[in-house]
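Number of protein chains: 2
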Amino acid sequence: MKLLCDRIRKDGRVLPGNVLKVDSFINHQIDVRLFRAMGEEYYRMYRDCGVNKILTIESSGIGVACFTAQFFDVPVVFAKKSRSSNIPDEVYAAPVHSYTHGNDYSATVAKRFLSAEDRVLIIDDFLANGSALRGLCDVCEQAGAAVVGAGIVIEKAFQPGGRALRAAGLRIESLAVIEAMTPEEIVFSPDSLL
Amino acid sequence: MKLLCDRIRKDGRVLPGNVLKVDSFINHQIDVRLFRAMGEEYYRMYRDCGVNKILTIESSGIGVACFTAQFFDVPVVFAKKSRSSNIPDEVYAAPVHSYTHGNDYSATVAKRFLSAEDRVLIIDDFLANGSALRGLCDVCEQAGAAVVGAGIVIEKAFQPGGRALRAAGLRIESLAVIEAMTPEEIVFSPDSLL
Chain A
1 MKLLCDRIRK DGRVLPGNVL KVDSFINHQI DVRLFRAMGE EYYRMYRDCG
51 VNKILTIESS GIGVACFTAQ FFDVPVVFAK KSRSSNIPDE VYAAPVHSYT
101 HGNDYSATVA KRFLSAEDRV LIIDDFLANG SALRGLCDVC EQAGAAVVGA
151 GIVIEKAFQP GGRALRAAGL RIESLAVIEA MTPEEIVFSP DSLL
Chain B
1 MKLLCDRIRK DGRVLPGNVL KVDSFINHQI DVRLFRAMGE EYYRMYRDCG
51 VNKILTIESS GIGVACFTAQ FFDVPVVFAK KSRSSNIPDE VYAAPVHSYT
101 HGNDYSATVA KRFLSAEDRV LIIDDFLANG SALRGLCDVC EQAGAAVVGA
151 GIVIEKAFQP GGRALRAAGL RIESLAVIEA MTPEEIVFSP DSLL
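Order-wise, the sequence lines are chains A and B. For the first sequence, the positions run 1 to 194 when our numbering is used. For the second sequence, the positions run 1 to 194 when our numbering is used.
Quick caveat, the hints were computed from the structure, so don't treat them as lab data. Honestly, I wouldn't trust all of these hints.
If chains are identical, the list can't say which one is meant, so a pair holds when it fits in one copy or spans any two.
[To be verified] Mimicking DSS-like on lysine-lysine, the simulated pairs with C-alpha atoms at most 30 Å apart in a straight line are: (1) 21 x 111; (2) 111 x 2; (3) 2 x 21; (4) 80 x 21; (5) 111 x 10; (6) 21 x 10; (7) 111 x 80.
Make the full structure from the sequences, and use the hints.
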């Protein structure tokens with residue numbers, strides 16, 4: 001998505017440790033026009049898939065998920081991050097490791113909000129090692145829900161998550177696929193620049 | 001807002017300890033049509049106030065804030081909850097006590113995203129003791145930003161936050177004001193039912 005890649009080039013900052021800071025328009029301050037355009041793009045990609053629920057994970061997935069859900073006219077469910085090892089019976093839970101924050105948590109969703117009737121589009125802001133996305137797929141599998149695919153804002157293609165999950169059969173549509181990045185330059189996949 | 005009050009009566013559940021569960025349509029699963037209507041209502045109330053930024057706090061404020069911001073066509077900034085006592089120089093921070101979770105955290109906003117030029121509408125899902133709202137006002141004051149008011153989804157008027165903050169001069173518009181609640185009955189303020 002050229003609009004997004006241009007914006008990442010303009011306002012993103014690459015920090016040591018493969019960190020891409022996009023907090024001025026994605027995950028601390030939110031540019032609602034951009035988010036609306038991204039939601040519309042996911043709708044274009046997945047409109048024929050019978051999506052009846054959008055699943056994301058707190059916190060920074062919620063904004064994109066809301067804008068996306070508006071086009072599909074379906075509810076958003078956001079998984080919660082639980083640090084507790086006490087998982088109550090009424091939730092589905094899957095372990096997630098955050099490489100960014102160096103910690104582990106459980107992605108949890110109340111059982112009432114996911115079922116075998118659901119056709120789920122998973123939305124998240126970043127895909128790198130894929131641990132959060134794998135956790136959300138796991139939660140859907142526990143519920144017997146079908147995952148029609150994932151919509152990711154920024155994929156770091158030089159990290160293994162996207163490749164591994166696609167190899168496992170998951171459809172993933174990432175709006176900006178970064179093939180390489182340094183503080184001086186960000187290289188996007190050719191498709192991202194369309 | 002009658003639409004919201006009707007929904008709370010239908011799908012909300014009052015649990016012991018003055019807890020109102022609205023997770024099936026507000027803070028775990030999100031009804032995007034309802035959220036859109038709420039955003040439009042805040043716009044009707046605050047459209048003439050020169051709002052140029054919406055401020056909320058992760059996680060459950062983000063959805064309402066996004067839908068509201070869409071009508072104002074301004075950015076959303078969501079404060080982060082930090083458990084760390086190490087607050088870096090580049091953020092504003094204010095202490096918040098969560099009565100629901102029985103813990104303390106800092107509401108933090110990067111200094112780059114709030115300034116003396118800003119006219120801020122604060123959005124949050126609940127107002128009870130007012131600690132989070134007070135923290136967000138505090139952060140704005142540190143930045144020199146003007147708070148034009150707050151838009152709250154559900155206010156528990158039998159807890160002291162709303163009264164105290166209004167007495168201190170803050171404009172607060174709550175879409176559903178609960179005067180009393182028991183597992184059998186929820187009493188809304190007459191204005192909420194219009």
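Hint by hint, here is what the structure shows:
Proximity of residue 21 and residue 111 under a CA criterion of 30 Å is satisfied inter-copy only: 15 Å between copies versus 34 Å inside one chain copy. In this assembly of identical chains, residue 111 and residue 2 lie within 30 Å of each other by CA distance solely across copies; the values are 29 Å between and 38 Å within a copy. Within a single copy, residue 2 and residue 21 get their C-alpha atoms as close as 18 Å, which meets the 30 Å cut-off; across copies the closest is 42 Å, which misses it. For the identical chains of this complex, residue 80 and residue 21 are neighbours both inside a copy (23 Å) and across copies (15 Å), given an alpha-carbon limit of 30 Å.
Taking CA atoms no more than 30 Å apart as the test, residue 111 paired with residue 10 passes between copies only; the shortest distance there is 20 Å, against 42 Å inside one copy. Taking the closest pair of Cα atoms, residue 21 and residue 10 come within 30 Å of each other only inside a single copy of the chain (12 Å); across copies the shortest separation is 42 Å, beyond that limit. Within a single copy, residue 111 and residue 80 get their C-alpha atoms as close as 13 Å, and across copies as close as 27 Å, so both meet the 30 Å cut-off.
This entry satisfies every hint, going by the numbered hints stated previously.
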